[in-house]
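Q: This is what each chain is made of:
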Amino acid sequence: MRQMTKEDLFQVMDPEGQADLAAIEGISEADRMKMYRLMMFTRLWNTKALSLQRQGRLGTLASVRGQEASNVGMGLALGPDDWFCPAFREYGAMFTRGAQPVKLFQYWGGDERGAAPPENSHMLPVCITVGSHLCHAVGIAMGAKIRGDKIAVMSSSGDGSTSQGDFHESLNFAGVYKLPVVFVIQNNHWAISVPLHQQTATETISQKAAAYGINGERVDGNDVFAVYLTVKRLLDLARSEHKPSLIEMVTYRMDDHTTSDDASRYRTEEMIGPWRAKDPVDRLRKFLIANHGWDDNKEAELQAELTAQVEKSVQDYEALPLPHPTEMFDHMYAEMPWHLLEQKDRMLKRLGETAR
Amino acid sequence: MRQMTKEDLFQVMDPEGQADLAAIEGISEADRMKMYRLMMFTRLWNTKALSLQRQGRLGTLASVRGQEASNVGMGLALGPDDWFCPAFREYGAMFTRGAQPVKLFQYWGGDERGAAPPENSHMLPVCITVGSHLCHAVGIAMGAKIRGDKIAVMSSSGDGSTSQGDFHESLNFAGVYKLPVVFVIQNNHWAISVPLHQQTATETISQKAAAYGINGERVDGNDVFAVYLTVKRLLDLARSEHKPSLIEMVTYRMDDHTTSDDASRYRTEEMIGPWRAKDPVDRLRKFLIANHGWDDNKEAELQAELTAQVEKSVQDYEALPLPHPTEMFDHMYAEMPWHLLEQKDRMLKRLGETAR
Amino acid sequence: MARLSMVEAINVTLHELMARDERIVVLGEDVGKDGGVFRATVGLLDKFGPMRVIDTPLAESCIVGSAIGMAVYGMRPVAEIQFEGFMFKAYDQVYSHASRLRRRSQGVYGVPLVIRAPYGAGVRALEHHSDAPEALFAHVPGLKVVIPATPSDAKGLLTSSIEDPDTVIFLEPKRLYRLFKEEVPEGDYRVPLGEARVVQEGDDATIVTYGGMVSVCERAAQHVASEGVSAEVIDLRTVWPFDIDAITKSVTKTGRLIICHEAPRSLGVGAEIAAQVAEKCLLSLQAPIVRVTGNDVIPPLSKLEEYNYPDSEQVVRAIHETVQF
Amino acid sequence: MARLSMVEAINVTLHELMARDERIVVLGEDVGKDGGVFRATVGLLDKFGPMRVIDTPLAESCIVGSAIGMAVYGMRPVAEIQFEGFMFKAYDQVYSHASRLRRRSQGVYGVPLVIRAPYGAGVRALEHHSDAPEALFAHVPGLKVVIPATPSDAKGLLTSSIEDPDTVIFLEPKRLYRLFKEEVPEGDYRVPLGEARVVQEGDDATIVTYGGMVSVCERAAQHVASEGVSAEVIDLRTVWPFDIDAITKSVTKTGRLIICHEAPRSLGVGAEIAAQVAEKCLLSLQAPIVRVTGNDVIPPLSKLEEYNYPDSEQVVRAIHETVQF
Ligand SMILES: Cc1ncc(C[n+]2csc(CCOP(=O)(O)OP(=O)(O)O)c2C)c(N)n1
Ligand SMILES: Cc1ncc(C[n+]2csc(CCOP(=O)(O)OP(=O)(O)O)c2C)c(N)n1
Ligand SMILES: [Mg+2]
Ligand SMILES: [Mg+2]
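The listed protein sequences correspond, in order, to chains A, B, C and D.
Numbering follows this note's numbering, in which position 84 of the first sequence is assigned residue number 84; successive positions increment by one, without gaps.
Numbering follows this note's numbering, in which position 58 of the second sequence is assigned residue number 58; successive positions increment by one, without gaps.
Numbering follows this note's numbering, in which position 325 of the third sequence is assigned residue number 325; successive positions increment by one, without gaps.
Numbering follows this note's numbering, in which position 230 of the fourth sequence is assigned residue number 230; successive positions increment by one, without gaps.
Incorrect hints may have been included.
Claimed, not checked - Footprint (simulated), chain A over chain C, 3 or more residues, beta carbon under 8 Å:
1) 87-101
2) 181-191
Said to hold, decoys possible - What follows is a set of in silico ranges between Cβ atoms, one per label pair, in the way DEER data are often shown:
3) A:Lys6 x B:Thr268: 43 to 51 Å
4) B:Asp282 x D:Gly74: 57 to 65 Å
5) D:Pro50 x B:Glu342: 39 to 47 Å
The set of hints was computed from the structure by calculation and includes no laboratory data.
C-beta atoms are modelled at their ideal positions from N, C-alpha and C, and glycine is treated no differently.
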């Protein structure tokens with residue numbers, strides 16, 4: 001088996017939007033439009049979220065700008081019964097699974113109730129402890145295999161997550177048990193201030209698959225078609241042959257790590273520059289213009305429509321009633337034990353209320 | 001880079017004791033004799049320890065039988081200033097670092113005082129939590145690199161340890177920082193009842209090096225010359241060029257996992273059979289007979305001498321005074337805090353003694 | 001009813017529950033072919049096959065992490081950690097996820113997971129094989145901690161733990177695994193979580209204990225009985241959230257409290273019991289609260305092992321102390 | 001003396017100590033080029049270079065594990081865990097090794113390691129960024145736990161921690177990082193570990209607290225002072241092993257005890273304080289011991305954050321309760 005190098009990079013659409021049409025034959029025009037719509041929506045929602053944060057109307061939050069293709073492409077590749085285990089920078093993928101924009105605002109605005117995954121989304125809530133949810137993806141895949149359910153499971157996490165012990169243990173389990181699971185790594189080249197080459201001494205992330213006897217692939221993460229085709233193919237392989245995969249999405253974090261971060265402390269404009277030309281949204285737009293009669297009018301119309309959706313979700317968010325302070329006791333256990341009842345009661349007394 | 005397969009196995013002496021004499025030129029006759037002596041001593045000590053355990057004179061303990069070559073070979077390859085971080089089945093390697101047989105009896109007999117590493121042995125005490133000491137090896141190597149000390153560090157652990165998150169994090173650190181560290185894996189094919197193929201889906205352990213951008217090698221662990229030459233070469237590389245390595249020693253656990261285990265529950269005589277013919281001690285003896293005039297008389301003499309040493313250490317062990325109950329408070333902190341003083345005092349009262 | 005040791009009772013319970021609930025899956029190191037290093041899972045692999053009795057790689061974090069995933073998927077995983085001292089490799093999965101996913105998902109997912117581990121000292125074992133870390137789980141919001149003291153309770157509590165919708169850390173005192181046998185109810189048998197057992201009634205002092213210390217305290221109570229002192233012995237069974245009513249009721253009656261556990265003293269479960277009593281029934285107290293516990297040390301190896309954990313003599317002394325105060 | 005915030009004081013301390021002791025090495029995620037997510041390590045990389053200020057891969061277990069190795073090798077590592085909620089990935093290294101290697105090697109090796117982490121709630125952060133897990137370290141035999149409440153103490157305690165021959169878990173209340181500045185002694189400055197600080201003397205009730213709750217309790221004490229109630233406020237500083245003499249001395253004087261911490265109530269440090277007092281000075285107690293603490297919940301996100309941790313009003317109420325008992 002040959003080891004992957006940096007030269008291995010699956011791409012079907014170049015930064016100019018020129019695509020290998022034969023390769024993408026299986027993606028209908030409607031699906032291509034859906035991809036664009038979701039990517040654009042993700043970008044607009046993300047932009048809005050950043051601006052709300054600056055105004056103090058949202059809390060700390062991680063921008064997904066630059067990673068819309070890898071997000072939307074992998075999300076759309078999932079089947080309805082497949083499971084998805086996201087990290088914390090996957091709004092685009094979450095939208096493909098039916099996540100409500102208002103709920104995301106609610107959660108990142110500091111209200112846990114926004115974290116509830118939509119009914120039947122087969123999606124875990126956001127995972128913030130880097131890498132640890134890969135084990136959960138493995139467990140879901142074990143459950144599916146035990147039950148004989150023909151589904152696949154996909155996790156998503158960053159290049160930084162590949163340094164965690166849980167990454168290793170998860171991929172090893174997947175290899176040993178031949179699980180229907182696909183581990184997607186969003187290689188956006190940074191883990192806060194740590195660049196990829198200080199995260200690992202390997203040339204690629206996909207080559208790490210060799211340590212687990214599983215399949216490793218390396219994809220242009222800014223090419224939504226390449227992302228979609230690869231993830232779909234490997235999810236199929238997982239579902240039908242119980243072959244697990246590690247997929248490296250080569251992309252870039254265009255913004256600060258989060259709104260609490262100031263990336264200028266550790267990276268220069270020269271580093272980002274080359275990636276601007278590879279923008280995933282622009283790339284797909286160019287393709288649509290060349291191949292599907294997309295134009296400025298349609299663009300303006302779409303943006304207006306999606307912007308209105310985003311604005312509506314902001315209004316809905318801001319109209320949400322505050323959680324009652326005792327909400328913090330909810331869902332700690334299926335049934336509230338005495339010590340929490342006591343503490344809840346104390347809280348109510350503090351608030352001058354009586355037991356609810 | 002080509003991926004290692006099962007066919008890759010460095011050997012310079014075959015199971016019949018026939019060696020590539022050119023390859024072992026650099027190992028003097030005295031060194032060869034020393035290897036044999038230490039391997040034989042390890043085997044005799046180990047046999048005695050197992051029998052003491054059966055008689056209730058020692059506690060639970062893990063037999064090293066079958067792994068004497070990989071133990072002694074790697075131990076002798078270390079330079080005097082190098083560091084060694086063992087797991088729990090490395091008596092042979094520990095003897096090469098000056099470990100006192102009586103101390104090992106003391107420790108495995110249930111008295112912590114036996115765990116004290118010999119002065120200047122640059123050896124950590126036994127590590128029982130599988131895989132976790134690989135991080136310590138990394139840290140020692142970081143310390144050495146920071147200080148500019150020209151030393152190398154070696155850890156030893158089992159095939160089972162490669163499934164642990166700490167294995168992964170350690171090898172990744174070693175790759176990223178280019179540390180003078182060599183991770184030796186004793187692939188004895190079992191982690192208690194779990195055979196290698198249920199531990200990992202890879203064909204070899206050495207191929208896991210590819211996930212860290214470090215050097216991986218695969219060695220016949222029952223060939224003491226191959227072990228010694230490889231470890232020495234890679235320790236040199238670590239010391240002089242800060243190149244870390246992962247070395248897989250292919251060997252076999254000939255006995256039960258520990259004295260608490262009954263391997264007949266999960267492995268058959270047929271599985272062990274082929275490995276009897278590869279015995280590392282017999283192999284070296286055949287070599288010595290063929291090349292250095294070793295004979296039955298010399299063998300009998302050596303065995304008598306070493307057996308007497310072992311017996312002496314048993315006597316010394318059994319003559320050791322029991323630890324005083326308050327010994328458990330020693331070395332918990334450099335200076336005993338009030339709560340331990342209080343507890344120690346309570347213990348003395350319980351014993352009817354007054355403060356010491 | 002059959003006479004069973006605790007480890008047999010656990011084994012029988014797993015057999016029975018797995019037979020009647022397909023969702024139950026057992027996983028861990030050496031739980032399959034080997035039947036577990038203490039034989040707690042023996043026979044399960046033959047009966048239920050490798051899909052439901054899973055020998056895992058040597059990786060505690062993913063044993064627990066994957067069990068969490070299975071639980072979310074609707075299974076009822078019972079994960080074995082080979083010894084309590086190795087639970088810390090999985091601590092993040094327990095602390096950050098098992099205890100939190102219900103709330104993080106706002107009740108959409110639960111984690112009905114049982115993590116079993118042999119627990120405590122008393123079998124002359126190696127380092128990391130004699131620890132008593134229950135407090136480190138009890139302090140984590142969202143968890144339950146159970147420690148049985150008899151074979152019957154082991155069955156009844158394990159059943160309730162596996163049926164519980166939340167994560168239960170189920171610690172099995174090694175010293176009791178084979179110490180004695182007793183009649184264990186056959187078939188369906190539950191001991192509800194959160195309910196203590198009054199092992200012996202008494203009026204002069206309350207002894208709150210659990211796990212391997214229950215019989216130690218029982219013996220102490222019998223000893224002082226011969227001196228005319230009547231001590232009430234309470235076995236918590238569920239170590240957290242413990243049965244506060246049983247404790248306060250008894251202390252209100254006796255006015256004296258002795259707490260006994262083998263775990264390190266400081267910030268142990270005993271500290272919380274003392275704090276609750278000092279808050280809820282201080283005025284009933286006629287003597288200082290006494291804790292008889294393991295020391296704040298690394299549990300010593302066999303040569304000193306017995307000196308670290310409480311014995312009946314110490315408990316007797318503590319009873320004398322409080323009663324004569 | 002310079003007026004510094006707590007995070008500045010920590011930064012200055014690291015600068016000064018690293019300049020005078022070559023053995024000190026700082027490592028962690030984003031501690032180098034970025035200067036730390038809270039800027040605690042800013043400037044160190046430029047001054048001391050990448051050999052002593054080490055940006056690590058994203059792997060907490062090996063951050064602590066490798067720091068242990070460095071400590072054994074004779075360095076004085078100061079490991080930063082980016083947020084307290086991520087310490088659990090390294091928990092096994094702390095529990096099984098940092099706290100044990102001295103004894104395991106019979107004193108041949110020690111682990112003079114400081115693990116720094118931003119700690120606690122109050123900065124409207126994400127999940128895992130507002131936890132208060134000190135009890136989970138205090139219960140582990142062999143560790144010390146330190147939580148400063150002022151910039152000067154941060155300097156003095158960090159200095160003592162780095163010079164200490166054993167492992168110290170050094171938790172830095174995020175809410176205090178920039179809350180206020182004060183004059184911080186320049187140059188060599190030590191606050192000995194294990195010594196509490198009497199923040200305010202008083203006769204009617206004792207309030208034992210630490211970290212971010214110290215100023216909350218101080219305000220409460222000032223409030224009740226205006227009502228003629230004199231409360232003594234004790235800042236533990238070293239949370240474990242805490243200054244037992246300071247506590248018992250004060251409680252013996254006042255007869256009333258309030259304990260305040262933001263960490264979850266059950267099995268928290270407060271439980272141990274209560275247990276110690278219930279054992280050592282029960283007869284001095286004129287009222288039940290009251291704990292004012294965080295709840296046994298996942299620290300809520302920003303919208304409810306302030307409702308979870310104690311505020312001065314609650315402490316005032318607790319003082320009233322005990323004084324009027
Ligand atoms: C276990 C853990 N350690 C530290 C952090 C703090 N942290 C949040 S995101 C991040 C970097 C993550 O990098 P990567 O995995 O590449 O994902 P990205 O942020 O680039 O999407 C760090 C260190 C965390 N969330 N979890
Ligand atoms: C973290 C951890 N989990 C479980 C154990 C129990 N245990 C002791 S040895 C062992 C198997 C180790 O296998 P391997 O690493 O191959 O070493 P070997 O015993 O073959 O020398 C296990 C599971 C342990 N010591 N540490
Ligand atoms: Mg990244
Ligand atoms: Mg092995």
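Q: Each hint: holds or not?
A: These are the hints, each one checked on the structure:
| no. | hint | in the structure |
| --- | --- | --- |
| 1 | 87-101 | holds (count 5) |
| 2 | 181-191 | violated (count 0) |
| 3 | A:Lys6 x B:Thr268: 43 to 51 Å | holds, 47 Å |
| 4 | B:Asp282 x D:Gly74: 57 to 65 Å | violated, 43 Å |
| 5 | D:Pro50 x B:Glu342: 39 to 47 Å | holds, 46 Å |
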